[in-house]
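2 protein chains.
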Amino acid sequence: MQTRTIEWRDGTVLTIDQSKLPWETVTLEMKSCGDVAEAIKTMKIRGAPLLGAAAAFALALTASHSKRKSKEELIYELEKAAEILKSTRPTGVNLFWAADRILAKARNFSGSAEDLAAFVVEEAKKIADEDVAANRMIGKFGAELIIDGDVVLTHCNAGALATVEYGTALGVIRAAWEQGKKISVIATETRPKLQGARLTTYELKRDGIPVTLITDNMVGYVMYKRMASKVIVGADRIVQDAVINKIGTFTIAVLAKEHDIPFYVAAPKSTFDLAHKSSDVIIEERKPEEVTHIGSLRIAAEGVNALNPAFDITPLDYVTAIICESGILYKKDFDKFK
Amino acid sequence: MQTRTIEWRDGTVLTIDQSKLPWETVTLEMKSCGDVAEAIKTMKIRGAPLLGAAAAFALALTASHSKRKSKEELIYELEKAAEILKSTRPTGVNLFWAADRILAKARNFSGSAEDLAAFVVEEAKKIADEDVAANRMIGKFGAELIIDGDVVLTHCNAGALATVEYGTALGVIRAAWEQGKKISVIATETRPKLQGARLTTYELKRDGIPVTLITDNMVGYVMYKRMASKVIVGADRIVQDAVINKIGTFTIAVLAKEHDIPFYVAAPKSTFDLAHKSSDVIIEERKPEEVTHIGSLRIAAEGVNALNPAFDITPLDYVTAIICESGILYKKDFDKFK
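Line order of the protein sequences matches chains A and B. When you line the first sequence up against this note's numbering, it's residues 32 to 369, in that order. When you line the second sequence up against this note's numbering, it's residues 32 to 369, in that order.
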């Protein structure tokens with residue numbers, strides 16, 4: 032198994048099929064942009080920073096396997112590939128950011144088609160490396176906020192599996208743990224796709240960090256009983272006025288505010304989209320069967336309607352601080368977003 | 032199938048096995064207090080008002096099948112049976128209330144052992160009938176709070192299946208619907224046991240009342256988007272300072288307060304336990320496997336810890352009004368609880 036969640040190897044992209052965790056660790060080998068797009072749609076690959084790296088590597092696959100005759104043809108192919116990638120999931124911004132970064136650099140590239148293909152591969156690797164470096168810095172800054180005895184509640188999976196390596200919210204927890212701080216974690220299961228139950232408990236157990244699983248509706252009780260001292264979550268997009276993250280994040284933020292518990296968001300700057308407001312963001316609505324069924328088991332009356340927004344909107348008023356690779360942004364810094 | 036959720040028939044007690052819904056409608060035939068206690072522990076029977084009636088009928092089974100020689104022997108048998116029933120689930124109060132009511136009346140009974148046995152059966156039937164009548168009155172009073180266009184969010188199942196007939200929270204919704212009010216319902220799935228998904232959508236669909244299922248962590252989003260106009264839930268116990276109800280209720284109450292959405296509790300007076308405070312109540316902690324597994328499917332890393340409080344505590348500050356068979360109690364009335 033590769034040590035990173037996603038890797039470029041000899042013209043293919045390797046990743047872990049996250050839909051199979053925690054039951055099986057299956058390496059997914061992707062040979063085309065279409066393979067990557069399909070893996071994103073079916074959430075075999077998920078997590079905003081990882082989606083950025085995946086999009087970059089998908090373009091690297093396109094460039095690498097292209098039968099282009101000219102640089103212009105290759106750029107056209109990359110543009111088409113980027114369109115496919117951008118149609119997979121509308122809410123998280125890292126995917127758009129990575130695709131646009133590569134497209135912009137490709138358009139400005141001077142050199143042969145072959146050189147451009149090699150450049151795109153290198154740029155994709157660079158995006159992945161930068162994500163690792165950003166996560167380490169997020170961990171370093173964020174760990175300063177964590178003290179001995181903290182019980183950190185986290186939602187969904189903002190861990191190594193959501194990034195190229197290390198993680199954002201779990202990166203902070205990991206860094207604090209590596210510093211020898213005595214902490215433990217409460218992980219919400221995160222219905223409907225159960226990323227907290229399936230992925231976060233798996234990652235933390237692997238690293239020996241104490242973790243307790245709860246259902247999403249236990250957060251209020253846990254805070255009422257003062258069993259959680261801090262909340263740290265990741266983000267899929269940070270806009271001028273809000274953090275967009277996995278469905279359930281806003282519910283936790285409201286509860287944290289009501290109980291005076293700090294609510295931190297850990298995310299690399301590739302997640303920032305400060306040209307937009309929350310009202311500009313499309314919240315992805317996934318198929319109702321993810322709610323009415325768990326795996327192949329129907330859990331509701333037959334034919335019942337269900338909502339399935341994949342993300343929600345947490346106004347910045349509810350956020351104590353945002354931890355990014357440049358440091359910790361507090362409420363006073365949020366004003367600069369506008 | 033019987034029309035009531037629980038019925039006495041020829042010395043047996045019939046009920047619907049709620050653990051098999053919505054997949055199968057299986058009638059459970061119980062012949063002894065032990066049968067009833069086992070069905071309660073395994074949540075084949077659940078819902079506070081229904082547990083009251085079930086405990087009453089369990090004592091009726093004991094009385095009816097007893098080989099007692101004297102009234103004193105029968106009372107002793109009833110006391111032992113009541114102990115078994117009271118050891119099943121500690122949080123909801125209706126079960127305790129019903130058992131104690133029958134025991135008190137049995138101790139004061141003058142007549143033969145045989146007459147007492149018949150009296151206990153009649154008293155159990157009376158408790159069931161009173162629950163039906165209480166639910167109808169709750170529906171009548173509660174429906175006054177509901178207007179055309181309301182979207183009522185409810186949690187868990189406080190319906191016909193949680194009572195002898197009609198329901199408390201769903202009784203209010205039913206009554207409003209029967210009056211021709213144009214309303215719809217949002218049902219939270221209610222992890223870990225999924226009573227909202229399995230039972231509430233089943234009941235409402237059967238009655239033709241429009242219902243949309245959401246996961247528990249979508250409540251914040253739904254309120255943020257102003258998609259719910261009112262909340263109505265049931266209760267397992269109402270004490271001087273709080274409502275104790277299914278885990279997740281408090282989370283919804285905090286969100287409702289934050290969004291200025293009325294939060295109503297519908298419950299018969301058999302749920303009131305005004306001699307106690309919330310700090311006196313034992314919150315039942317069920318086995319972690321209900322959280323780490325869904326059915327037989329493990330959804331978390333192997334061996335992970337989980338919390339599983341079955342109920343939570345909603346301080347009365349968060350409650351707009353309590354709807355009982357005597358009318359609607361508002362905040363000013365809560366002071367009288369102390």
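Among these hints, one or two may not hold up.
Derived, one-sided and incomplete: chain B residues facing chain A with beta-carbon distance under 7 Å [unchecked claim]: (1) G239; (2) I240; (3) T246; (4) I278; (5) I330; (6) A331; (7) A341; (8) D364; (9) K367.
In silico negatives: residues of chain B with every beta carbon more than 12 Å from chain A [said to hold, decoys possible]: (10) L176; (11) Q210; (12) K213; (13) E220; (14) R229; (15) D343.
Derived from the structure by calculation, the hints contain no laboratory data. All C-beta atoms in this analysis are idealised placements derived from N, C-alpha and C, irrespective of residue type, glycine included.
Hints and how they fare:
1. Taken as an interface hint, G239/B does not check out: its beta carbon lies about 12 Å from the nearest beta carbon of chain A, beyond 7 Å.
2. Annotation: I240/B was flagged as interfacial toward chain A, and the flag is violated, the nearest CB pair being 11 Å apart, outside 7 Å.
3. At its closest, the beta carbon of T246/B sits 4 Å from a beta carbon of chain A; the interface hint therefore holds under the 7 Å criterion.
4. Because the beta carbon of I278/B sits about 6 Å from the nearest beta carbon in chain A, less than 7 Å, this interface hint is met.
5. Given the 7 Å rule on beta carbons, the hint for I330/B holds: about 5 Å separates it from the nearest Cβ of chain A.
6. Given the 7 Å rule on beta carbons, the hint for A331/B holds: about 4 Å separates it from the nearest Cβ of chain A.
7. At a threshold of 7 Å, the smallest CB-CB gap from A341/B to chain A is about 10 Å, leaving the interface hint violated.
8. Annotation: D364/B was flagged as interfacial toward chain A, and the flag is violated, the nearest CB pair being 24 Å apart, outside 7 Å.
9. The interface hint given for K367/B is violated, since its Cβ lies 25 Å from the closest Cβ of chain A, which is over the 7 Å cut-off.
10. For L176/B, the non-interface assignment is confirmed: its Cβ lies about 24 Å from the closest Cβ of chain A, beyond the 12 Å cut-off.
11. With a closest Cβ-Cβ approach of about 23 Å to chain A, Q210/B is found to remain outside the 12 Å limit, as its non-interface label requires.
12. The Cβ of K213/B sits about 17 Å from the closest Cβ of chain A, beyond the 12 Å cut-off, so the non-interface label holds.
13. In this structure E220/B is not separated from chain A by more than 12 Å, as the shortest Cβ-Cβ distance comes to only about 7 Å.
14. Annotated as non-interface, R229/B brings its C-beta within 12 Å of a C-beta of chain A; the closest such distance is 6 Å.
15. With a minimum CB-CB distance of about 4 Å to chain A, D343/B fails to clear the 12 Å threshold, and the non-interface call is violated.
Comparing the model with each earlier hint shows violations of hints 1, 2, 7, 8, 9, 13, 14, 15; every other hint is respected.
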